[in-house]
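> Here is what each chain is made of, one letter per residue.
There are 2 protein chains.
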Amino acid sequence: MRSTRFAALTAGAALAASCAPSVVSTAQPAADWRPVPAVGAVEPSDTVKNAPASAWRDVDPNNLLIMELKNGAKIAIELAPQFAPVHVANIRAFARAGWWNNATIYRVQDNYVVQWGNGDAENPLPPGVVKTPPAEYDRPLAGLQVRPLYYPDAYAPKVGHVDGWPVGYDPASGRAWLTHCYAHVGVGRDLAPDTGTGGELYAVIGHAPRHLDLNIATVGRVLEGFDKLTSIQRGTEALGFIKDPANHVPIARIRVAADMPAAERPAFEVMRSDSEAFSAYVLGRANRGGTFFNRPAGGVDLCNVNVPVRRKP
Amino acid sequence: MRSTRFAALTAGAALAASCAPSVVSTAQPAADWRPVPAVGAVEPSDTVKNAPASAWRDVDPNNLLIMELKNGAKIAIELAPQFAPVHVANIRAFARAGWWNNATIYRVQDNYVVQWGNGDAENPLPPGVVKTPPAEYDRPLAGLQVRPLYYPDAYAPKVGHVDGWPVGYDPASGRAWLTHCYAHVGVGRDLAPDTGTGGELYAVIGHAPRHLDLNIATVGRVLEGFDKLTSIQRGTEALGFIKDPANHVPIARIRVAADMPAAERPAFEVMRSDSEAFSAYVLGRANRGGTFFNRPAGGVDLCNVNVPVRRKP
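As you go down the protein sequences, you meet chains F and B in turn. Each number in my numbering corresponds to the 1-based position in the first sequence with 254 added. Each number in my numbering corresponds to the 1-based position in the second sequence with 254 added.
Among the clues, some could well be false.
[What the hints assert, rightly or not] So, partial list: chain B residues that the calculated Cβ filter (under 7 Å) puts toward chain F:
id: 1; residue: Leu379
id: 2; residue: Asp513
id: 3; residue: Ala551
[To be verified] Rough simulated footprint, nothing fancy, chain F against chain B, three-plus residues with beta-carbon under 8 Å:
id: 4; stretch: 403 to 410
id: 5; stretch: 482 to 496
id: 6; stretch: 527 to 536
[Unchecked claim] Calculated lysine to aspartate or glutamate pairs in the EDC-like style (CA-CA distance at most 20 Å, straight line):
id: 7; chain 1: F; residue 1: Lys303; chain 2: B; residue 2: Asp498
id: 8; chain 1: B; residue 1: Lys566; chain 2: B; residue 2: Asp498
id: 9; chain 1: F; residue 1: Lys328; chain 2: B; residue 2: Glu530
id: 10; chain 1: F; residue 1: Lys385; chain 2: F; residue 2: Asp444
id: 11; chain 1: B; residue 1: Lys566; chain 2: B; residue 2: Asp300
id: 12; chain 1: B; residue 1: Lys328; chain 2: F; residue 2: Glu491
id: 13; chain 1: F; residue 1: Lys328; chain 2: F; residue 2: Glu491
id: 14; chain 1: B; residue 1: Lys328; chain 2: B; residue 2: Glu523
id: 15; chain 1: B; residue 1: Lys303; chain 2: B; residue 2: Asp513
id: 16; chain 1: F; residue 1: Lys303; chain 2: F; residue 2: Asp424
id: 17; chain 1: B; residue 1: Lys497; chain 2: F; residue 2: Asp481
id: 18; chain 1: B; residue 1: Lys303; chain 2: B; residue 2: Glu530
id: 19; chain 1: F; residue 1: Lys497; chain 2: B; residue 2: Asp481
id: 20; chain 1: B; residue 1: Lys566; chain 2: B; residue 2: Glu518
id: 21; chain 1: B; residue 1: Lys303; chain 2: F; residue 2: Glu523
id: 22; chain 1: F; residue 1: Lys328; chain 2: B; residue 2: Asp528
id: 23; chain 1: B; residue 1: Lys328; chain 2: B; residue 2: Asp481
id: 24; chain 1: B; residue 1: Lys566; chain 2: B; residue 2: Asp364
id: 25; chain 1: F; residue 1: Lys324; chain 2: F; residue 2: Asp312
id: 26; chain 1: B; residue 1: Lys566; chain 2: B; residue 2: Asp513
id: 27; chain 1: B; residue 1: Lys324; chain 2: B; residue 2: Glu523
Keep in mind the hints are simulated off the structure, nothing from the lab. Just so it is clear, CB atoms sit at the ideal spot from N, CA and C, and this is done for glycine as well.
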């Protein structure tokens, strides 16, 4: 009785030579994504499969958090110290002090965020944690190698990728920031001028709430195991807080991968956004072809690029 | 031990007079969303609360599907016959024939779709169902009253709202289409030129996969109860198919609300996108203020507008 319909929705296949031109008719800068190549463009999944080793960068185990739930689920999070160095240093210090051992996930708001912590506003902080970090909501554009994404964006003057991270940036002000895409992790905070310590974290489980960009410190993204967080029952209180503490989801511990025994430590790699493979991948994401798609969009928004990540072979 | 941090993230509060100008510096058409009003702009939740009765339209019970899972969960879906009339008529015929009684949810792919059905490709179709509907992937722009959204979009020349539905449109070609936003429902299909009957449906559970626009018939959106679908365990097979049929989530039935006894029938209303309240709401979504936001974005993307819906008072 089970249909196989729709199975082709994401199935990989070579971009057909007959791909129609984009429906996006607004003027765009002449760049590597136009014109749509009629022949030889590659399905994104094939680009990932065939990318050379040089198209990948290792995830530094010092920037890798491994979150373990008491139900056995493991979630891997890459931290982005280049965007929020003080918050990321705090998060490492929290992990090394065992701050989240026996913490819980206590908020799940549909189409918004899942949030966990252990009361950083009420409890004494571990040694090495800066209580009031600076507002690391953006940083200088200088020093970053941006691979521009040449499609329009509703939130930022320019968007693109840096080291596999989706960013917004503004050449006029010379600032850049890590965006709130699906699976991205940010630092819960109280009202301004508080920036949060990093002890309370959230991850985006719905359509990208980009209005949070530049208003919160964004510190990383989930690389693996996110389905274990996104499938948690939504909280029924206002803002998705889970009413009964008995229904909070217990965390066993969160560790920095560098501190784990080598045999236990997972290793990941992320596609380099300065690689040719990445440009081909973006082109394929913006111009889906194969046997399923009839009308490639001719564009892709920043949070639908989905930067490739994989276990290190 | 529970922190209240981050609770303010979506809390309503009046837009502060000190809101900074937008970071979006690209040229935009002069329209109702600029300049950002320095004083008196309203928090979106307050706009919804204070909207007059005339700012709402009833959901026609003939366009309302009520899906009941065997676990007791109820999900309300509004259908959009103005965008896919043959598919919507099929869906009503399937419901009235009891097609989905004892069907299942058999696919949940993280950051993509949840999908359900009962084998429309293999089984005899009920009377009144058109086996090969036309490709209702877009329709004439003529006849639609579009409320434009004046922010850049990566997928369509223009975007906006029609009767509370987010749409893409192209004045040059004179075509318009219902988009793939969060909670939107589309028709599973095989490869072209098949368009699917409407017997297999999916809903978007992640960041809007707008590359599906113009490639599939989009027929509606979930109005209530979506958290019961988004929190289902993701399938572990390729494309999120759930391997063990014992883990498929059983559906009890799907009915057209118009066919339900009046006492059982829920009633909803959706904010009219041609109302002043909606324009104020969009303005507020694009310029979040209150005590939490320091830097309003000055823009909002189509699928982050979140058209207000509520139970009819």
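> Compare the structure with the hints numbered earlier in the document and write down the numbers of the violated ones, lowest to highest.
1, 2, 6, 7, 8, 9, 13, 15, 16, 21, 22, 24, 25, 27
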